[in-house]
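Protein chains in written order, with this note's numbering: chain H, 1 to 330; chain L, 1 to 330; chain P, 1 to 330.
The hints are simulated quantities; they were obtained by calculation from the structure and are not laboratory data. One thing to keep in mind: the hints can contain errors.
Chain copies aren't distinguished; within one or between two, either way the pair holds.
[To be verified] Dumping the calculated BS3-like pairs for lysine-lysine here, alpha-carbon to alpha-carbon at most 30 Å:
id, residue 1, residue 2
1, K68, K121
2, K307, K121
3, K72, K328
4, K260, K68
5, K260, K328
6, K72, K260
7, K328, K121
8, K260, K169
9, K68, K307
10, K72, K307
11, K260, K307
12, K72, K121
13, K307, K328
14, K169, K72
15, K260, K121
Fair warning: this is a prediction, and the values are worked out from it, not measured in the lab.
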Amino acid sequence: MEAPKNNSLFQFVDACLRGCGQVMFQNNPVTGFIFFIGIFYNSWELGFCAVLGTAASTFVAIALGADKGLIKAGLFGFNGTLAGIALPFYFVYSPELLLYVVINAALSTIIMSALMNFLGKWGMPALTAPFVLATWILMFCASKFGILEAGSLLATSIPDPHTTISVGKISAMTFLDGVTKGVGEVMFEDSVVTGIIFVIAILVNSRISAFFAVFGSLIGLLTALVMQSPEAPLRLGLYGYNSVLCAIALGGLFYYLNWKTFLYATFCMIIGSIAQASISVLLAPIGMPSLTWPFVIVTWMFMFASKGFGHIAAVPAEMLGTPESNLKHP
Amino acid sequence: MEAPKNNSLFQFVDACLRGCGQVMFQNNPVTGFIFFIGIFYNSWELGFCAVLGTAASTFVAIALGADKGLIKAGLFGFNGTLAGIALPFYFVYSPELLLYVVINAALSTIIMSALMNFLGKWGMPALTAPFVLATWILMFCASKFGILEAGSLLATSIPDPHTTISVGKISAMTFLDGVTKGVGEVMFEDSVVTGIIFVIAILVNSRISAFFAVFGSLIGLLTALVMQSPEAPLRLGLYGYNSVLCAIALGGLFYYLNWKTFLYATFCMIIGSIAQASISVLLAPIGMPSLTWPFVIVTWMFMFASKGFGHIAAVPAEMLGTPESNLKHP
Amino acid sequence: MEAPKNNSLFQFVDACLRGCGQVMFQNNPVTGFIFFIGIFYNSWELGFCAVLGTAASTFVAIALGADKGLIKAGLFGFNGTLAGIALPFYFVYSPELLLYVVINAALSTIIMSALMNFLGKWGMPALTAPFVLATWILMFCASKFGILEAGSLLATSIPDPHTTISVGKISAMTFLDGVTKGVGEVMFEDSVVTGIIFVIAILVNSRISAFFAVFGSLIGLLTALVMQSPEAPLRLGLYGYNSVLCAIALGGLFYYLNWKTFLYATFCMIIGSIAQASISVLLAPIGMPSLTWPFVIVTWMFMFASKGFGHIAAVPAEMLGTPESNLKHP
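Please take these sequences and the hints and turn them into a complete structure.
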């Protein structure tokens, strides 16, 4: 009888669960499993497409003969997870949509491999760029043809640069909703409960990452508040989710955690929130959302930059672990 | 008496003919010559500007001291061919236009050398990016100033993202016109006869490339059909020409032809057609055409990606030949 | 008693002055000092923000542990100078604006280090890209939120692509104003006197650079004139400032000055002026200015390209000096 670890179905499921966990840099199948629970809690359509996207992108990587170590670590899964959720989030769910989910996930795997090759010259990670680029290609096209019906969120989720009327007053609820939903919105989950489930899922793998997820969401919200954002997008967490990802990446994961890297990461979160506003303005003429592109370009800037900064100590690629294990081998 | 091969005029003409052939990756002066015939058959203005652009870009490469082997292979000509045709295609022909053709061709040579240096780190080809970037710089500018008069095609060739009204019904003619014009539109030729002449020209050098030119045009059309495109752009080949180039590049030329690379190339053609719709949407606010940029970015994605895919066997750069010769030395 | 050269305040001031000088590639504190005088002459708000931006970006580089040689040469200052001036130029001056100047300058230092790491693979300079990218991120955001009040220049300084009505006739004043203001507009100075002060400042360090600054401004103006630009932007120097920077960079600084590199640089200045029109068209839908991005991409194109051109002799990075010193060691 075969041991479960050598079973290829077991390995595939493990890679998919880690893939979902890797959306927030957590190489842990339990974290990924709880993430899926959180998504299904909010919506079974989003949950199903998340699973389908993760499986499709991982399967395509196997079929094309990608590196087994990378597949096993879920690195060909997380862009598929996001590519899967994005479509039913912005378009009305239909059986045909599932075909587009599979195409989007497959394309994200190809762009992932392309960016790994490109960025490998500097030892830089692709982050969620493959998801964003693949989804933009499909969404711009879908907006042109009538095949996918745009859901109500496509219009409302893009903050209007000309609206400065504040609907709703800033209150404690703005912060409670905004910070938890900010974590949820990393995977398009407009739900306080799902946001909390996501934090618990990260806690399973790393307390430091869980702290930074919440802290990043708060910094993103505060930045937009100082910039005099109206209340609605603050409460939806729309200025939080990019900063959440900036925070987890730079908060003890790619850098050794200390006061200097903490301040550096915090500045990155602030710029992540500002970039969310800026890239929304840039895409406003075609009515398309920024997805996680603000996180991607801002984090690339900060990570490319730190190689030239003697006071910002990066963890060598071959030593990367959880923020906790990084602290043990400084 | 000097042998013709050592005559510098002969060498220049040979480089220009190969340059025209290289628009579709055919390093063959006869193919290039028949391409020119096809362009002149459709329009003497387009033909004259194609010749002028090819000659100007090749001449500038010689004057600046570019690598002689690259010049000889026509690699400083093909972007000039396209840079030459694009201007009289989008603007009303006038003697002044010829000055802009020469500037556009010269700029394409500079961008070609720049991209060769940039992409050389990964051994990636520049494709038609020099033509697209140079032409965009000149066209955006021309649209601002009144010096060049926009032709009727500039408005109509950009598919309107808000038009979903199908003018005309899908028929056998949609396919016959669309597939042949798709090959023609690679060089802005809205002509069934020119499309057929182009296929014959490719046949002279490679039957496999000729097959993929037609197959790519068909896949591009079918993809747009499934996406519920109106009939008019299908019949004009507007969703075909990017896929034609994807197909020739990945169909046995840069990869060893087998079932795995065939499926990989076909997926690339599908994405090429989708990207044509998406990039048209992106450029719609400024009313500018996508040119062959969809082909360029999609093919770069697939070619950068395949270095990480063990099942997709790329032909080493120093072994590149026709698809037929690649098959002999796998 | 400490010698002034070892005094850290002296070193900081020296780095800031050189930083201001580096806006036009002059590694000379006297040049930088006269630049500051020119800016203050035109406007004390612009002058104050220029000093604050230069100091902030240099300080952040020191705090993050950037390379001391680069800091000393002012390479972490010049983007801060521009990042500082741009905000009070486009937005109404207010005490809050100073916070954004500091954020913009700090971000420019991070992007500078990122681009140095990225472009270092090819030995290419970052030019003013850090200033442009940082300022765009902040300006797009500021246009979304109401915190910064847009000044009248934000609307008027973006040439309207649909306006072809010539207000004012071309006269000798168009040339006198346009050429001097073109040099001034490199640092957003709409002043003939400041333009002349800038030329004098460059003269202190290099007569060749001073010549090319004026020559570039003229070529940029002439190019736009041939393209039938209306008179107003010509006279404001809006088609000159990008060509000024192209001219100083390629005119004897990065290349050994001879007739071939002179013609190559002149073509670069022409394309710089054309690109200014094109990038304005590209950004028109969101109403944002092109800043010095036309100079950046065009100069990158020409400098990446010249590595493949045997007739264009580049100065090796370790030999870079003034155009005059380059001529002595060809």
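So, going through the hints one by one against the coordinates:
1. K68 <-> K121: both (20 Å within a copy, 25 Å between copies)
2. K307 <-> K121: both (13 Å within a copy, 13 Å between copies)
3. K72 <-> K328: Answer is within: at 25 Å inside a copy they meet the 30 Å cutoff, but 36 Å across does not.
4. K260 <-> K68: Answer is between; shortest inter-copy Cα gap is 19 Å, intra-copy 36 Å.
5. K260 <-> K328: For K260 and K328, only the intra-copy Cα distance (18 Å) is at most 30 Å; the inter-copy one is 45 Å.
6. K72 <-> K260: between (33 Å within a copy, 23 Å between copies)
7. K328 <-> K121: within (28 Å within a copy, 33 Å between copies)
8. K260 <-> K169: neither (36 Å within a copy, 58 Å between copies)
9. K68 <-> K307: both (29 Å within a copy, 14 Å between copies)
10. K72 <-> K307: Answer is both; intra-copy 28 Å and inter-copy 19 Å each pass.
11. K260 <-> K307: Within one copy only: 14 Å inside, 38 Å across.
12. K72 <-> K121: both (23 Å within a copy, 29 Å between copies)
13. K307 <-> K328: Classified as within; 22 Å inside a copy, 35 Å across copies.
14. K169 <-> K72: Classified as neither: same-chain Cα gap 47 Å, cross-chain 49 Å, threshold 30 Å.
15. K260 <-> K121: Intra 27 Å, inter 27 Å, cutoff 30 Å: intra and inter.
Violated hints, in rising order: 8 and 14; the structure is consistent with all others.
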